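Engineer: The listed protein sequences correspond, in order, to chains A and B. In terms of the numbering used here, the first sequence opens at residue 307 and continues consecutively. In terms of the numbering used here, the second sequence opens at residue 307 and continues consecutively.
These are computed hints drawn from the structure, not numbers from a lab. Be aware that one or more of the hints could be misleading.
Derived PhoX-like pairs (lysine-lysine); straight-line CA-CA distance at most 20 Å [unchecked claim]:
id	chain 1	residue 1	chain 2	residue 2
1	A	K494	A	K349
2	A	K353	B	K361
3	B	K416	B	K495
4	A	K532	A	K520
5	B	K524	B	K494
6	B	K353	A	K353
7	B	K513	B	K562
8	B	K515	B	K532
9	A	K562	A	K513
10	A	K513	A	K524
11	A	K363	A	K326
12	B	K326	B	K416
13	A	K562	A	K495
14	B	K398	A	K416
15	B	K416	A	K398
16	B	K562	B	K545
17	B	K353	A	K361
18	A	K495	A	K326
19	A	K361	A	K349
20	A	K417	B	K398
21	B	K417	A	K398
Beta-carbon label-pair distances, calculated as ranges [to be verified]:
id	chain 1	residue 1	chain 2	residue 2	range
22	B	D561	A	I483	36 to 46 Å
23	A	M307	B	L443	20 to 30 Å
24	A	I365	B	L530	52 to 62 Å
This structure is a prediction, so every number in the text was calculated from the model and none was measured. Positions of the beta carbon are idealized from the N, C-alpha and C atoms, including for glycine.
Protein chains: 2
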Amino acid sequence: MKENLYIIKIGGNVIDEENKLSLFLSSFAAMQSLKILVHGGGKIATKIGDQLGIKSKYIDGRRITDDETIDLVTMVYGGLVNKKIVVQLQAKGCNAIGLTGADANLIPAKKRPVKEIDYGWAGDILTENLEFGAWSLLLEHNITPVIAPLTHDGMGNILNTNADTIASAIAVALSKIYDVRLIYCFEKKGVLENVEDENSVIHLITKEKYQQLKAEKKLFAGILPKIDNAFAAIDAGVKEVLIGNAEDLLQNITDKISGTLIR
Amino acid sequence: MKENLYIIKIGGNVIDEENKLSLFLSSFAAMQSLKILVHGGGKIATKIGDQLGIKSKYIDGRRITDDETIDLVTMVYGGLVNKKIVVQLQAKGCNAIGLTGADANLIPAKKRPVKEIDYGWAGDILTENLEFGAWSLLLEHNITPVIAPLTHDGMGNILNTNADTIASAIAVALSKIYDVRLIYCFEKKGVLENVEDENSVIHLITKEKYQQLKAEKKLFAGILPKIDNAFAAIDAGVKEVLIGNAEDLLQNITDKISGTLIR
Chain A
307 MKENLYIIKI GGNVIDEENK LSLFLSSFAA MQSLKILVHG GGKIATKIGD QLGIKSKYID
367 GRRITDDETI DLVTMVYGGL VNKKIVVQLQ AKGCNAIGLT GADANLIPAK KRPVKEIDYG
427 WAGDILTENL EFGAWSLLLE HNITPVIAPL THDGMGNILN TNADTIASAI AVALSKIYDV
487 RLIYCFEKKG VLENVEDENS VIHLITKEKY QQLKAEKKLF AGILPKIDNA FAAIDAGVKE
547 VLIGNAEDLL QNITDKISGT LIR
Chain B
307 MKENLYIIKI GGNVIDEENK LSLFLSSFAA MQSLKILVHG GGKIATKIGD QLGIKSKYID
367 GRRITDDETI DLVTMVYGGL VNKKIVVQLQ AKGCNAIGLT GADANLIPAK KRPVKEIDYG
427 WAGDILTENL EFGAWSLLLE HNITPVIAPL THDGMGNILN TNADTIASAI AVALSKIYDV
487 RLIYCFEKKG VLENVEDENS VIHLITKEKY QQLKAEKKLF AGILPKIDNA FAAIDAGVKE
547 VLIGNAEDLL QNITDKISGT LIR
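Excised from the complex, chain A in its bound form (with noise of 0.2 Å):
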């Protein structure tokens, strides 16, 4: 039988708040299983850019990393932000260690080809190429991974990658030796029936439900993504996928209390 393996990936909102934050950290350093945390930028890669003159680009809502823009998130989300999360986890006794998918080479990645739009340094995750070495190694010895959304090419460039898309890659590349249960924390309760109503959390979506969900027009278009992603997981061997709220205790949403269940 397989070990149980939780990735949790938070967001930028959570990241911003300090109190939630700490709410959030207490709660996944109590997690007794083997587990690996996965964060996104917050806001105060755009608040320290703006100081130092480094505007955010934009297109179609994805942010253009230009030379500027990858020293900037390389200082705030893989300095800053990664390390004022691992020593509050060592606070709360959890042996966490802040690394980039460039640390021992743990997502290697390339830079994204230039089509309509360039990019500039951002990366697409070479999954066939993410190995399990060196996460085990550190899983196995009790050392919680703390991961900042860069990778990197492998010809000692940095790059800027979703930490939705990172989760999911390192859910799907251990899920070859754990049980790993991805869970997707964001701001709200899980998905919503009506995105208006907080209460209107469907607790079970299957490949069935989805399509009937679909069908019917309930669901939020900006939710699709996360539920296509989730099945695309699942079905390359991710056990399930939990959406919840960042709030929310982890042992609610692993629990099935509260949240999401994509299964």
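Following the hints, complete the assembly by docking chain B onto the known chain A.
Structural biologist: Positioned in the frame of chain A, the structure of chain B alone reads:
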């Protein structure tokens, strides 16, 4: 017989110059033995601090680390400088992992007590608590630690810690299980008998020779603490300390063709 381990410290002047850094990293990557790289900060923190309106404050040549400054050095040392070294080493075939002393609790420290001067978030290493478990786990799996000059207090705070001190504390702790050689790379060719003459490198300094050089007042005052620390490390179990130029091939320093050997 214990395995050989080299611990190499590079300072700011190499880090600030892209070409010099790249050459140094090539020579570091080429070393076949177990190795750890400890890096200083470079002038980039001051430059970015100026842009952010954070003034560098010094008392007696020591940086005062206030709240803004600890965030700044966490970003710059722990993020920008550290990860740029890691990606380059990865590209040169060295499986580097970039860490601070907070990660995996590698370097426990305590905030320096306030006496006449309040150094702020400056950390003194708790050498008696520095364990070799996580270090040897990485080294024995051919993963090369690259250490930023940051530690933590175990209570959720990052601390700014001198890179020379980190290198020597790690060297002493790891000398229990490895034959450790500590190399300080700096801007001169070694310990000079005449500070004006780069060709006056003293190739070997023993304790007797050191007493004699001090009696003759031949040494530049600035080098004395480095040599005192070197002998302290040797008395605590480190095999040899080498002081050489970051622009020399590391192999020439380890082969004792260039630089100063302290033993």
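Engineer: Take the hints in turn and mark each one as holding or not.
Structural biologist: Cross-check of the supplied hints:
With a C-alpha separation of about 18 Å, the suggested pair K494 (chain A) and K349 (chain A) falls inside the 20 Å cut-off, and the hint holds. Proximity of K353 (chain A) to K361 (chain B) is assessed by CA-CA distance (about 19 Å); at most 20 Å being required, the pair is judged to hold. The hinted pair formed by K416 (chain B) and K495 (chain B) fails the criterion: a straight-line CA distance of about 34 Å is larger than 20 Å. The hinted pair formed by K532 (chain A) and K520 (chain A) meets the criterion: a straight-line CA distance of about 13 Å does not exceed 20 Å.
Between K524 (chain B) and K494 (chain B) the CA atoms are separated by roughly 16 Å; this keeps the pair inside 20 Å, and the hint holds. At most 20 Å may separate the alpha-carbon atoms for a hinted pair to count; K353 (chain B) and K353 (chain A) meet this at roughly 18 Å. About 18 Å separates the Cα atoms of K513 (chain B) and K562 (chain B), which keeps this hinted pair within 20 Å; it holds. In summary, the hint linking K515 (chain B) to K532 (chain B) is supported, as the alpha carbons are separated by about 15 Å, within the 20 Å threshold.
Among the hinted pairs, K562 (chain A) with K513 (chain A) is consistent with the structure: their alpha-carbon atoms are about 18 Å apart, no more than 20 Å. Restraint check for K513 (chain A) and K524 (chain A): the C-alpha separation of about 15 Å stays at or below 20 Å, so the hint holds. Restraint check for K363 (chain A) and K326 (chain A): the C-alpha separation of about 28 Å exceeds 20 Å, so the hint is violated. At most 20 Å may separate the alpha-carbon atoms for a hinted pair to count; K326 (chain B) and K416 (chain B) exceed this at roughly 34 Å.
Simply put, K562 (chain A) and K495 (chain A) have alpha-carbon atoms about 12 Å apart, close enough for the 20 Å limit, and the pair holds. Between the alpha carbons of K398 (chain B) and K416 (chain A) the distance comes to roughly 17 Å, so the proposed pair stays at or under 20 Å and holds. Using a Cα cut-off of 20 Å, the hinted pair K416 (chain B) and K398 (chain A) holds, with the two alpha carbons roughly 17 Å apart. As the CA atoms of K562 (chain B) and K545 (chain B) are separated by approximately 14 Å, the hinted pair is consistent with the 20 Å bound.
Restraint check: the Cα-Cα separation between K353 (chain B) and K361 (chain A) comes to about 19 Å, which is no more than 20 Å; the hinted pair holds. The hinted pair formed by K495 (chain A) and K326 (chain A) meets the criterion: a straight-line CA distance of about 15 Å does not exceed 20 Å. Of the pairs offered as hints, the one joining K361 (chain A) and K349 (chain A) holds, with about 13 Å between alpha carbons and a cut-off of 20 Å not exceeded. Taking the CA atoms of K417 (chain A) and K398 (chain B), the gap is about 18 Å. The hint holds against a cut of 20 Å.
For the suggested pair K417 (chain B) and K398 (chain A), the alpha carbons sit about 18 Å apart, so the restraint of at most 20 Å is met. Restraint check, D561 (chain B) to I483 (chain A): a C-beta distance of roughly 43 Å satisfies the suggested window 36 to 46 Å. A hinted range of 20 to 30 Å holds for the C-beta pair M307 (chain A) and L443 (chain B), which are about 25 Å apart. Range check, I365 (chain A) to L530 (chain B): about 58 Å between beta-carbon atoms, so the 52 to 62 Å window is met.
In terms of the numbered hints stated before, the structure departs from hints 3, 11 and 12, listed from lowest to highest.
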